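Counting with mature numbering (1 follows the signal peptide of the UniProt record, and there is no 0), you get residues -19 to -1, 1 to 238 for the letters of the sequence shown.
What the hints contain is simulated information worked out from the structure, not anything from laboratory work.
Just so we're clear, the structure is a prediction, and the values are computed from it rather than from any experiment.
Heads up, some of the hints might be wrong.
[Unchecked claim] Subject to a maximum C-alpha distance of 20 Å in a straight line, what follows is the list of computed PhoX-like cross-link-like pairs (lysine-lysine):
1) Lys236 <-> Lys80
2) Lys77 <-> Lys236
3) Lys105 <-> Lys80
4) Lys142 <-> Lys161
5) Lys74 <-> Lys100
6) Lys236 <-> Lys142
7) Lys104 <-> Lys80
[As the list claims (entries may be wrong)] Simulated restraints, written as ranges between beta carbons of each label pair:
8) Asp158 <-> Asn55: 19 to 29 Å
9) Gln154 <-> Lys74: 37 to 47 Å
10) Arg118 <-> Ile76: 36 to 46 Å
11) Asn232 <-> Ile76: 18 to 28 Å
12) Ser39 <-> Asn87: 16 to 26 Å
13) Lys105 <-> Ala237: 17 to 27 Å
14) Glu141 <-> Ala233: 34 to 44 Å
15) Pro82 <-> Ala111: 22 to 32 Å
16) Leu7 <-> Ser39: 40 to 50 Å
17) Gly113 <-> Gln154: 37 to 47 Å
18) Lys105 <-> His147: 36 to 46 Å
19) Trp122 <-> Ser25: 32 to 42 Å
Yeah, the Cβ is synthetic: ideal placement off N, Cα and C, and Gly gets one too.
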Amino acid sequence: MKIFFPLISASILVGPVTGIIGGNVLPQPKSYVAGVRTTVDPTSDENFSSCAGALIASNKVLTTASCASTTRANFVSVGAYYVNGGEDGDEIKVIKVTKHPQFDANTLANDFAILTLAKASTKKPVRLPAVGGADIRSGSWATAMGWGITSTSADAMASEKLKQLHQQILPNQVCRDVLKVPMTMSHVCAGGQRGQSPCEGDIGGPVIVADASGKGNDVLIGLISGGGGCGVKQGVPGIYARVSSSLPWINAVMKAK
């Protein structure tokens, strides 16, 4: 699964660290987590989710433009627990890919794409955040999810089951100082602990916080975008796409046919 983290220099990747995504396997699937796939042919070598996204409406999956740019997003497996997606997810064909018009591949600003599905999923979508990013506060914690590789060794494999990782949200200035990249309001900076980071295959995966009302509904505040160095080096945070920054565009695409 060669979904890369484009903002990290090779000098940071200085040796294998097992269990780099850290976290743990979820006890059960999340209805809104979607694997993004090239094929659903069980005989194909590409029969796996190479990046991820989140169901935000019955026929719309929000992912990153970087995921849609590096993977032929032909199908999704919504609500899947396994990386091959065929055992439990809604396997649905993608009929349209809409990238954010202001996506910048160099800085990962506005790193969003919406996949329109050929039919409605039976799964429950995730909640979108409030306008203005009120759900994101420095020092608070969020949960990232994906099927990315779990080692930086040469024979690294994707996680068979969906995993989650708790990351502390940091001021954007931290990512700006450490990664030497521009940070905008379309970014979220988080993480930085050695051995605790998303990696290849996790791009586009949802980043959620619990509903403040206590009703148990997850709120989608971000998507895994870049940075983090796969957790090889302490103090290297990751960059996430801030969903609240693009709500007007997201809502407009959701309403379009």
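Quick rundown of the hints versus the structure:
1. Of the pairs offered as hints, the one joining Lys236 and Lys80 holds, with about 15 Å between alpha carbons and a cut-off of 20 Å not exceeded.
2. Between the alpha carbons of Lys77 and Lys236 the distance comes to roughly 14 Å, so the proposed pair stays at or under 20 Å and holds.
3. Annotation: proposed proximity of Lys105 to Lys80 is violated, straight-line Cα distance about 23 Å (limit 20 Å).
4. Proximity of Lys142 to Lys161 is assessed by CA-CA distance (about 34 Å); at most 20 Å being required, the pair is judged violated.
5. The hinted pair formed by Lys74 and Lys100 meets the criterion: a straight-line CA distance of about 8 Å does not exceed 20 Å.
6. For the hint linking Lys236 to Lys142, the alpha-carbon distance of about 33 Å lies beyond 20 Å, and the restraint is violated.
7. For the given pair, Lys104 sits about 23 Å from Lys80 by alpha-carbon distance, which is inconsistent with the 20 Å threshold.
8. Checked against the hint of 19 to 29 Å, the C-beta distance between Asp158 and Asn55 comes to roughly 39 Å, which is inconsistent with it.
9. The beta-carbon spacing between Gln154 and Lys74, approximately 42 Å, falls within the hinted interval of 37 to 47 Å.
10. For the hinted restraint 36 to 46 Å between Arg118 and Ile76, the CB-CB distance of approximately 38 Å keeps it satisfied.
11. A beta carbon spacing of about 20 Å between Asn232 and Ile76 agrees with the range 18 to 28 Å that was offered as a hint.
12. In this structure, Ser39 and Asn87 break the distance hint of 16 to 26 Å, their C-beta atoms being roughly 34 Å apart.
13. Checking the proposed 17 to 27 Å range against Lys105 and Ala237 shows it holds: the Cβ atoms sit about 22 Å from each other.
14. The hint said 34 to 44 Å for the Cβ distance between Glu141 and Ala233, and at roughly 37 Å that hint holds.
15. Roughly 23 Å separates the CB atoms of Pro82 and Ala111, a value that falls within the hinted 22 to 32 Å.
16. Taking the beta carbon of each, Leu7 and Ser39 are about 23 Å apart, not inside 40 to 50 Å as hinted.
17. Taking the beta carbon of each, Gly113 and Gln154 are about 19 Å apart, not inside 37 to 47 Å as hinted.
18. Here the CB-CB span from Lys105 to His147 is close to 22 Å, at odds with the stated 36 to 46 Å.
19. In this structure, Trp122 and Ser25 meet the distance hint of 32 to 42 Å, their C-beta atoms being roughly 38 Å apart.
When each numbered hint is compared with the structure, violations occur for hints 3, 4, 6, 7, 8, 12, 16, 17 and 18.
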